[in-house]
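Enquirer: Listed here are the chains, written in short residue letters.
Protein chains: 2
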Amino acid sequence: MRVKLKNVFIVYFVVSLVGLLCALLQLGQPCDCSQQLRAERRRGRDRDRLLAELRSGGARGEPRAQGGGRTLPTIYVVTPTYARPVQKAELVRLSQTLLHVRALHWVVVEDAAAPTALVGGLLAGSGVPFTHLNVETPPERRRRPGDPPWLRPRGVEQRNRALQWLRETRAPGESGVVYFADDDNTYSLRLFEEMRSTRRVAVWPVGLVGGLRFERPLVAGGRVVGFHTAWKPERPFPLDMAGFAVGLPLLLARPAARFDPQAERGYLESSLLGGLVSPAELEPKADNCTQVLVWHTRTEKPKLRQEEQLQREGRGSDPHIEV
Amino acid sequence: MRVKLKNVFIVYFVVSLVGLLCALLQLGQPCDCSQQLRAERRRGRDRDRLLAELRSGGARGEPRAQGGGRTLPTIYVVTPTYARPVQKAELVRLSQTLLHVRALHWVVVEDAAAPTALVGGLLAGSGVPFTHLNVETPPERRRRPGDPPWLRPRGVEQRNRALQWLRETRAPGESGVVYFADDDNTYSLRLFEEMRSTRRVAVWPVGLVGGLRFERPLVAGGRVVGFHTAWKPERPFPLDMAGFAVGLPLLLARPAARFDPQAERGYLESSLLGGLVSPAELEPKADNCTQVLVWHTRTEKPKLRQEEQLQREGRGSDPHIEV
Chain V
1 MRVKLKNVFI
11 VYFVVSLVGL
21 LCALLQLGQP
31 CDCSQQLRAE
41 RRRGRDRDRL
51 LAELRSGGAR
61 GEPRAQGGGR
71 TLPTIYVVTP
81 TYARPVQKAE
91 LVRLSQTLLH
101 VRALHWVVVE
111 DAAAPTALVG
121 GLLAGSGVPF
131 THLNVETPPE
141 RRRRPGDPPW
151 LRPRGVEQRN
161 RALQWLRETR
171 APGESGVVYF
181 ADDDNTYSLR
191 LFEEMRSTRR
201 VAVWPVGLVG
211 GLRFERPLVA
221 GGRVVGFHTA
231 WKPERPFPLD
241 MAGFAVGLPL
251 LLARPAARFD
261 PQAERGYLES
271 SLLGGLVSPA
281 ELEPKADNCT
291 QVLVWHTRTE
301 KPKLRQEEQL
311 QREGRGSDPH
321 IEV
Chain X
1 MRVKLKNVFI
11 VYFVVSLVGL
21 LCALLQLGQP
31 CDCSQQLRAE
41 RRRGRDRDRL
51 LAELRSGGAR
61 GEPRAQGGGR
71 TLPTIYVVTP
81 TYARPVQKAE
91 LVRLSQTLLH
101 VRALHWVVVE
111 DAAAPTALVG
121 GLLAGSGVPF
131 THLNVETPPE
141 RRRRPGDPPW
151 LRPRGVEQRN
161 RALQWLRETR
171 APGESGVVYF
181 ADDDNTYSLR
191 LFEEMRSTRR
201 VAVWPVGLVG
211 GLRFERPLVA
221 GGRVVGFHTA
231 WKPERPFPLD
241 MAGFAVGLPL
251 LLARPAARFD
261 PQAERGYLES
271 SLLGGLVSPA
281 ELEPKADNCT
291 QVLVWHTRTE
301 KPKLRQEEQL
311 QREGRGSDPH
321 IEV
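Listed in order, the protein sequences are those of chains V and X. If you read the first sequence in the UniProt record's numbering, its first letter stands for residue 1, the second for the next number, and so on. If you read the second sequence in the UniProt record's numbering, its first letter stands for residue 1, the second for the next number, and so on.
Isolated chain V (complex conformation) (with noise of 0.2 angstroms):
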């Protein structure tokens, strides 16, 4: 068959515009550079990684990540708290102190109806990962003005409040360690990077409590033979709430233990420990409990007379300015 060259031209004609359309097609497209931008993100992360780290108090002295980097068990610091003239200064006072501890999760639970914009905005600018909850303990179990301070211990159903909420988010099995701060006492750093190692319940000694210099278990052969108090020596678990930490996979395995509102006096700790372990099983921390990292201290009721004298005489300070 003769080949006509208007026929080649004809075929060349189609295929050169279908790959012309098709080069033009590829231009229109924009750069794929997720695979650079994928690299270059990824270094971002670990950036962001080490930044929270390091702020969060990785480079405030407290022992790296062990184990080729594994990540800490977290600490899980349980905060009740109620509204006072001096509620806002102890929890600045110790979101500082917390703000300095790696792999810690704040879990702040309010006595009230519901959570107060003081504590909500407190926690939102503190810089330490927060969970905020409120519980309002029930009248008849509530402190009445002039009741003393032991007639009826504060933040029990917060604390138990807190455990729920452990127990409804944390998956069986994780590990964490789980500490009851109150707002007032004060917390050395070291203490944090002691319980961190809390297997199932770890105890030590607890400075100006119980009308003694300290409270402390007392140790032999790197177990806890006795304690060290003044007050009730009876109780099964003689101890300060700041004086345990519990692990987190042990709490979700007993899910029923919990503080007792009814305990007698002294044994609201006992109602607890006692759902968890034997007295012998307890984890001495802090050097077998020869070192106090924690105080119980506590802040004056301020008196505010005069607030009470200017605000008759309408001249009371800006009640829009939150102290």
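To be clear, the hints were calculated from the coordinates, so they are not data collected in a lab. Treat the numbers as computed from the prediction; the structure is a model and nothing was measured. Even for Gly, the Cβ is constructed at its ideal location relative to N, Cα and C. Keep in mind that the hints are not guaranteed to be accurate.
[Stated by the list, open to error] To spell it out: a stretch of chain X is covered by chain V in this simulated footprint if at least three of its residues, at any positions, have a beta carbon under 8 angstroms from a beta carbon of chain V; those stretches are:
{"hint": "1", "stretch": "136 to 148"}
{"hint": "2", "stretch": "198 to 206"}
{"hint": "3", "stretch": "225 to 232"}
{"hint": "4", "stretch": "286 to 292"}
{"hint": "5", "stretch": "297 to 306"}
{"hint": "6", "stretch": "317 to 323"}
Once you've looked at the hints, dock chain X against the given chain V.
Expert: Structure of chain X alone, referenced to chain V:
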């Protein structure tokens, strides 16, 4: 002229061939991601700078280069302290606050005949740059047990000792800010950034003081025009010790300015400030003195009745354990 189909085809052949080649060349070229990458890398560099700062302790008290490599004015925090059961707890708590503040130097002055191991060890382990001084309050000016707190203000000689140290060791005109921070108050971290820009004397509100929710300077048109206080408003400077900071150059330029140990009750602050500025010259901070960033918290004196009892029985808390 008659157009031949053949010629048309030839022209088209040439044109399309050139176009096709150009298109193919384009396809061969690598993607230009420089813009997106530049943005990502800039973010990365910012993070690296922050990391370097944090790692090099930039957030831990040492001065940090700012903007054009200028260093921040150092904040000299002057803390008088005296031996008592809660002393260590108070200083531990305060040290954790100061540890968050860049370009800060802590001048701790003990009311003692010699520096104590307790305070010295605490300072050495605090991570805060510090100077440890001491001066004993002369017996005739010492507060006796049972004296009301206001009878003899504490810490006067100690604060003057710190002023002396500053004048002996700082160069005239050296930039810096001096703040008198007692060991029991509560300080928000923002307070330190507010006082950093002090030129002569800066002022702000103080919470829970003078029987009020807060005392504060009253500001109009950016100037202090009065004071919200219930107690002795006739004082030239009705301010709490925690409510002002002084520029270091001004202190060095007025070598006679100091606290008057003989000052009438409530006039201690005025005895220093009167030698430095007039009330009209005060520089209002904290949003024109509308923010409470420091609280005059007071820690309860712990009752150690059981301790005394046990000690009488020879069973007191181990005296070798520091509290």
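Enquirer: If any of the earlier hints don't hold here, list their numbers in rising order.
Expert: 1, 2
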